[in-house]
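The listed protein sequences derive, respectively, from chains E, G, A and R.
Each number in my numbering comes from the position in the first sequence (counting from 1) with 920 added on.
Each number in my numbering comes from the position in the second sequence (counting from 1) with 920 added on.
Each number in my numbering comes from the position in the third sequence (counting from 1) with 77 added on.
Each number in my numbering comes from the position in the fourth sequence (counting from 1) with 77 added on.
Among the hints, a few may not be true.
Far from chain G by the CB rule (all over 10 Å, computed), these chain A residues [to be verified]:
#, residue
1, ILE79
2, ALA82
3, ASP89
4, SER98
5, ALA99
6, GLU101
7, SER127
8, PRO131
9, MET132
10, GLU136
11, ARG163
12, ASP183
13, LYS193
14, ALA196
15, ILE198
Here are the simulated EDC-like cross-link-like pairs (lysine to aspartate or glutamate), alpha carbons at most 16 Å apart as the crow flies [unchecked claim]:
#, chain 1, residue 1, chain 2, residue 2
16, R, LYS135, E, GLU990
17, G, LYS980, G, GLU941
18, R, LYS193, R, ASP120
19, A, LYS135, G, GLU990
Taking CB as the label site, the calculated pair distances span [to be verified]:
#, chain 1, residue 1, chain 2, residue 2, range
20, R, ASP89, G, GLY936, 23 to 33 Å
21, R, THR86, E, HIS976, 18 to 28 Å
22, E, ALA945, R, GLU143, 15 to 25 Å
Hints were generated in silico from the structure; no laboratory data involved.
Positions of the beta carbon are idealized from the N, C-alpha and C atoms, including for glycine.
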Amino acid sequence: MTVTLRFFASYAESLGVPSIELDLAEGSTIDDVMKAISAMPGSGKLPPHPLVAVNHSYAKNSHVLLDGDEVALIPPVAGG
Amino acid sequence: MTVTLRFFASYAESLGVPSIELDLAEGSTIDDVMKAISAMPGSGKLPPHPLVAVNHSYAKNSHVLLDGDEVALIPPVAGG
Amino acid sequence: MIRSALVRTGIDSARLIAEVSAAENGAAVLFLGTVRSRNDGRDVLMIEYSAYEPMAEKEIDAILHEAADQFGVHCLVAEHRLGELRIGETSVAIAAAHPHRAPALDALRYSIEQLKLRAPIWKLEHYADGDRNWVSAAEGKRA
Amino acid sequence: MIRSALVRTGIDSARLIAEVSAAENGAAVLFLGTVRSRNDGRDVLMIEYSAYEPMAEKEIDAILHEAADQFGVHCLVAEHRLGELRIGETSVAIAAAHPHRAPALDALRYSIEQLKLRAPIWKLEHYADGDRNWVSAAEGKRA
């Protein structure tokens, strides 16, 4: 299955891309996504446990992903 | 000595006047003023212990008055 | 800048916000009290606001200075209208600004609550049924 | 009426107040967040606001509905601006109205605090010395 990863703000700058497609085994979780991200250049600048959203809602690292999900890494927010 | 009494809103309606001059003995307090007011027509509609201000500041009933003071009876406020 | 006034014409809330705004202030807040169409279950046509004017001015000014001291908010203005007001018209406006939001909100709340408790201002409500009533804080809920 | 939006042009706070006003509402309150000239001791020239837009819209809308449920305030609107903002420009505006003041103030405070905690919005501050920095809530105080 394939999920879309999205990066914003400082994370997008660190990783050098706003978005990638990622192939994962069925039953993969956000933890598996984080392992894949840790192999990307620039990932060393990210915190060990960034906030993550799946399909526009905050999600836990144990969240099981489905084909087509949009997974976003959310840097510390600063709205207002 | 003489003080000016001022009445507002429902109190002015009950007493039928917005203001009177009152002659008092030296050393008189707000309690003495309240006794004088209780002799006025319509005073029965006032509460037994209305809020009082002397020279634009809230004051206690034991407050000793001076010649020329302005004493106001303050009905329940409703600003805002 | 701290300023308060009793006024007899319409309150311009945008002007109050502009007055408290400043480059170092990251938060501006505004409270508007307006004449409600219903109070304690009765249909209101109009409200007449009156005040013991010199004392109300002094009391509101004192309240704003207390808020300034307590919350460190030094951009604070208040206007209270007197006279005959129709439904929807603004009877009171308070604006506060500060570099950060919490003190601005705290100062705003303190100012409106104290004003309603202490300022010698009265309202005479006129109802659709022809009756009129001096409203007091003790009777029913207040805006 | 509950409404929220991300916008790219100037926020008209008077329009937001008008939107929440209604004959039965005796209190209307407004929060404005504006770009400050100084943050953590540095002179700010400009801020670029960006967002994960569909999620930010969803989150702000959820926050307003939580405030509505919690405080019974059903006249609540919020707009957050994105793009490049200069000093003094409004980045966020929230307006609330209710028959009584306490729920309006409570809903306003809840909404701005939750928005700042949860909405996926970021700001890139540009300083007078040429430096730039992604601001996070954890660093120093916030407006």
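These are the hints, each one checked on the structure:
1. ILE79: holds, 18 Å
2. ALA82: holds, 13 Å
3. ASP89: holds, 18 Å
4. SER98: About 24 Å separates SER98 of chain A from the closest Cβ of chain G, which puts it past 10 Å; holds.
5. ALA99: holds, 26 Å
6. GLU101: Check passes; 30 Å lies beyond 10 Å.
7. SER127: Non-interface label fails for SER127 of chain A: nearest chain G Cβ at 6 Å, not farther than 10 Å.
8. PRO131: violated, 5 Å
9. MET132: About 4 Å separates MET132 of chain A from the closest Cβ of chain G, which leaves it inside 10 Å; violated.
10. GLU136: violated, 8 Å
11. ARG163: Answer for ARG163 of chain A: holds, closest chain G Cβ roughly 17 Å.
12. ASP183: With a cut-off of 10 Å, ASP183 of chain A remains clear of chain G, as the shortest Cβ separation is near 18 Å.
13. LYS193: About 4 Å separates LYS193 of chain A from the closest Cβ of chain G, which leaves it inside 10 Å; violated.
14. ALA196: violated, 4 Å
15. ILE198: violated, 3 Å
16. R:LYS135 - E:GLU990: holds, 15 Å
17. G:LYS980 - G:GLU941: Cα-Cα ~20 Å, so violated.
18. R:LYS193 - R:ASP120: violated, 22 Å
19. A:LYS135 - G:GLU990: Within the cut-off at roughly 15 Å; holds.
20. R:ASP89 - G:GLY936: 23 to 33 Å: Violated - the Cβ-Cβ distance for ASP89 of chain R and GLY936 of chain G, about 51 Å, lies outside 23 to 33 Å.
21. R:THR86 - E:HIS976: 18 to 28 Å: For THR86 of chain R and HIS976 of chain E the Cβ distance comes to about 24 Å; the hint holds.
22. E:ALA945 - R:GLU143: 15 to 25 Å: Because 37 Å falls outside the window, the suggested range is violated.
Figure legend: structure checked against the earlier numbered hints; hints not met, in rising order: 7, 8, 9, 10, 13, 14, 15, 17, 18, 20, 22.
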